[in-house]
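Participant: Assemble the complex: chain A is given as a structure, and chain B must be docked to it using the hints.
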Amino acid sequence: MRMTVPGRCSRFVAVLGMAFLAVAAIGPLAPAQEATPPDSLRIMAPASPGGGWDQTARFAQAVFRETGIIPGSVEVFNVPGAGGTIGLARLVSTERGAGDLVMISGLVMVGAILTNRSAVTLAQTTPIARLTAEYEVIAVPADSPFQTMDDLIEAFKANPGAVSWAGGSAGGVDHILVGLLAKEIGVAPEDINYIPFSGGGEALAAMLGGHVAAGVTGYGEWAGQIEAGNLRALAVSAGERIPGVDIPTLKELGINIEVANWRGVVAPPGITAQERDALIAAFDQLHDSARWQEILAANNWNDFYLSGDDFADYLAQENARVEQVLRDIGLVE
Amino acid sequence: MDTLKLLWDGFAVAFSLKNMLWALAGVTLGTMVGILPGIGPALTVALLLPVTFGRDPVGSFIMFAGIYYGGMYGGSTTAILLNTPGESASIITALEGNLMARRGRGGAALATAAIGSFVAGTLATAGLTFLAPALVRVALRFGPAEYFALMVLAFTTVTSLLGGSLVKGLTSLLFGMALGLVGIDLQTGQARYTLGMLEMLDGIDVVIVAVGLFAVGEALYAASQLARGAPEVVAVRGSIWMNREEWRRSWPAWIRGGLLGFPLGALPAGGAEIPTFLSYSLERRLSRHRDEFGRGAIEGVAGPEAANNAAAAGVLVPLLTLGIPTSATAAIMLAAFQQFGLQPGPLLFQNNPELVWGMIASLYLGNAMLLVLNLPLVGLWVRLLTVPQPLLYGGILVFATLGVYSLSNSLVDLMTLLVIGLVGFAMRRMDVPVAPAVIGLILGPLAEQQLRRALAISQGDFTVFFTRPISATLLALALIALAGPALARIVAARRRKSRVAAM
Numbered sequence: 038m039r040m041t042v043p044g045r046c047s048r049f050v051a052v053l054g055m056a057f058l059a060v061a062a063i064g065p066l067a068p069a070q071e072a073t074p075p076d077s078l079r080i081m082a083p084a085s086p087g088g089g090w091d092q093t094a095r096f097a098q099a100v101f102r103e104t105g106i107i108p109g110s111v112e113v114f115n116v117p118g119a120g121g122t123i124g125l126a127r128l129v130s131t132e133r134g135a136g137d138l139v140m141i142s143g144l145v146m147v148g149a150i151l152t153n154r155s156a157v158t159l160a161q162t163t164p165i166a167r168l169t170a171e172y173e174v175i176a177v178p179a180d181s182p183f184q185t186m187d188d189l190i191e192a193f194k195a196n197p198g199a200v201s202w203a204g205g206s207a208g209g210v211d212h213i214l215v216g217l218l219a220k221e222i223g224v225a226p227e228d229i230n231y232i233p234f235s236g237g238g239e240a241l242a243a244m245l246g247g248h249v250a251a252g253v254t255g256y257g258e259w260a261g262q263i264e265a266g267n268l269r270a271l272a273v274s275a276g277e278r279i280p281g282v283d284i285p286t287l288k289e290l291g292i293n294i295e296v297a298n299w300r301g302v303v304a305p306p307g308i309t310a311q312e313r314d315a316l317i318a319a320f321d322q323l324h325d326s327a328r329w330q331e332i333l334a335a336n337n338w339n340d341f342y343l344s345g346d347d348f349a350d351y352l353a354q355e356n357a358r359v360e361q362v363l364r365d366i367g368l369v370e
Numbered sequence: 047m048d049t050l051k052l053l054w055d056g057f058a059v060a061f062s063l064k065n066m067l068w069a070l071a072g073v074t075l076g077t078m079v080g081i082l083p084g085i086g087p088a089l090t091v092a093l094l095l096p097v098t099f100g101r102d103p104v105g106s107f108i109m110f111a112g113i114y115y116g117g118m119y120g121g122s123t124t125a126i127l128l129n130t131p132g133e134s135a136s137i138i139t140a141l142e143g144n145l146m147a148r149r150g151r152g153g154a155a156l157a158t159a160a161i162g163s164f165v166a167g168t169l170a171t172a173g174l175t176f177l178a179p180a181l182v183r184v185a186l187r188f189g190p191a192e193y194f195a196l197m198v199l200a201f202t203t204v205t206s207l208l209g210g211s212l213v214k215g216l217t218s219l220l221f222g223m224a225l226g227l228v229g230i231d232l233q234t235g236q237a238r239y240t241l242g243m244l245e246m247l248d249g250i251d252v253v254i255v256a257v258g259l260f261a262v263g264e265a266l267y268a269a270s271q272l273a274r275g276a277p278e279v280v281a282v283r284g285s286i287w288m289n290r291e292e293w294r295r296s297w298p299a300w301i302r303g304g305l306l307g308f309p310l311g312a313l314p315a316g317g318a319e320i321p322t323f324l325s326y327s328l329e330r331r332l333s334r335h336r337d338e339f340g341r342g343a344i345e346g347v348a349g350p351e352a353a354n355n356a357a358a359a360g361v362l363v364p365l366l367t368l369g370i371p372t373s374a375t376a377a378i379m380l381a382a383f384q385q386f387g388l389q390p391g392p393l394l395f396q397n398n399p400e401l402v403w404g405m406i407a408s409l410y411l412g413n414a415m416l417l418v419l420n421l422p423l424v425g426l427w428v429r430l431l432t433v434p435q436p437l438l439y440g441g442i443l444v445f446a447t448l449g450v451y452s453l454s455n456s457l458v459d460l461m462t463l464l465v466i467g468l469v470g471f472a473m474r475r476m477d478v479p480v481a482p483a484v485i486g487l488i489l490g491p492l493a494e495q496q497l498r499r500a501l502a503i504s505q506g507d508f509t510v511f512f513t514r515p516i517s518a519t520l521l522a523l524a525l526i527a528l529a530g531p532a533l534a535r536i537v538a539a540r541r542r543k544s545r546v547a548a549m
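Same order as they appear, the protein sequences are chains A and B.
For the first sequence, the working numbering gives the first residue as 38, with consecutive numbering after it.
For the second sequence, the working numbering gives the first residue as 47, with consecutive numbering after it.
If we strip away everything but chain A, and leave its shape as in the complex, we get (with noise of 0.2 Å):
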């Protein structure tokens, strides 16, 4: 069963924790860092198992697990469906309130709200922390006769129809950057011939086969074809060098973009101060263990950690940048 009646051992601890708000709320604020993690934990993952958001639940889940970071049950469940809209609604509404969990979210489920047009958004939740990012690589195939990111910019503004270029769905992290490039180097974006695959494989498949000119995907994804020659990869989206891969940024190349795919937690709206900042504290400590250290070098993932406030800023942001592209290229009106 994914839902759980609080029982009266969370409604105690409820009235314990407004107990606290009414002593923290006459006395001096206590410091963050002082929070212990929480004693039990949910992690809803609004994805189906597998997916990126899923794995990151379940090895989140096994840190706080074995670290004893959490010292009660750490559950993980999945709530598909519509780009994490269908779990966001779930956490904002019949979950309003509850402490003891946290969503995985990211920047795919930035993207999703807007063009779902989803009634509720991240705005709404408690946000807890940022925990990884996948840079994106632009590839063309081996033997296109785009050799630099220069020679494809120039044919994509020469004739932008005659540059397809495969990606994921339609609005997502891979349509975006294409999106802020031609924004950039001054093409319509609306002009854009991208090409939706459904899952990184069939995307991959075409670019094998040469039946596109270019491509865009999270870097992971590729880094195999990428060593092994049979794709040209002409530029990434990180801020810097991502560490071991020599490809050039785009910022390098004079193209000021930087795309992070990103993942994250938030928690319901609702929650008490003590209670955001346990679970702050678990996220953390989490980050600050070598077992997460060791699952982020073994997938691929960079450490994208900000906690907090910094981390609602950010959010903030990302949310402004994405919907005025989805804007652009006329996936929103």
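These are computed hints drawn from the structure, not numbers from a lab.
Note that CB positions come from ideal geometry on N, CA and C, so glycine has one too.
Covered stretches of chain A (chain B as the covering partner; in silico rule of three or more C-beta atoms under 8 Å from a C-beta of chain B): (1) 91–105; (2) 119–125; (3) 201–209; (4) 226–235; (5) 241–252; (6) 257–271.
Simulated restraints on C-beta separations: (7) A:GLN184 x B:THR513: 27 to 33 Å; (8) A:ALA353 x B:GLY441: 52 to 58 Å; (9) B:ARG187 x A:LYS194: 27 to 33 Å; (10) B:ARG187 x A:ASP76: 55 to 61 Å; (11) B:LEU227 x A:ASN196: 30 to 36 Å.
Facilitator: Here is chain B on its own, set in the frame of chain A:
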């Protein structure tokens, strides 16, 4: 004979006691999840993935591969006995398989499915061993235009499923295609026919429609007929095993199914359903017992079941050689490779020969284990049919509901199942065939996306479908499949006439 040497080393890895236990665990688990509609191998591997972190990658992959193959075996059992396909690749199996079960040949249907899966699975694993690099070069030549042409060819299968009335058959097909339109349009990101419900944005799952139309519709129809006296169901008529005639009719279908399933499964956007459609229509055309199709023809079970298992092996070709996942399970296995720090693709065979060849060898082993595991169970399974009808259909409803709920724990899914079940009931009452609807639902959206992709890449130029050789060939085959029987009839009629004239 480098490959043989490597395969030999692989068998040395697979036959270690530890890895054989991993394989046994995998195939057993896979068979069990394959039987339940909803829970499939993809979900199972995803849930096991974090548990295997930091453990032995070879053993883990041997288990994952076992789950994958086992799931394909399990899916046919409920399709044949309960008319409830466990996976979308066993929908076609349900058509003739369930009819056979009602004629008392359920044991033979289960046996031909199990042995056919073994034969085709082994054949396809051999293909994976020796032909993978060559096959993958051909597969990559398939772009959106070629896929669209392949879908058109697969659509011609419908002609053998339309039943007595063309109008009724096409209505069913269009109903399925209309259901396929529900959800976010992949090409533009816009929602279509979602009735403003978030839950509808991802479309309607094929499993819900198949289970609704087949199992729920069937159960409701049976309930409505009970008052008029239940039709007699004979669990076993004649031998429980396949008789000599059934063997003779099965084995060519197994081979053809395997030959069709493996290369189509290896296509990066192929999947396991399309080969089952094509195999069914091929068997029907070639069969000397064409009149038995629609009443329970064994070729109609043997061919598609062989095809879906061969396709399962085919899926491993792009996964291992290119790192391209072409099914949900393959996508999760790719995530598993990455978790173990392995990069599937051209370098995997060089860098990790022990893992790759150990896994391939374990596929031969797993196939044999599945046969040993499944054949003795046939006798047990067919007893299900001796359960009194009201209880049996009640059980099917519970089973179908549980399976669909397990898809994403969604109440909306259950409501959808009920509505589609009622539609399925109405279709049976009015004698409208349900199979074309399922084919329309699977092929419709795929064909639409590939058509639009092909046209976007060519910037609106329709000639790409005819100027590209593979696409043109496939379209020509589709034309022959459609017009062939009609032409043959005309030619035969002419000949008869001229013979009459000559007399």
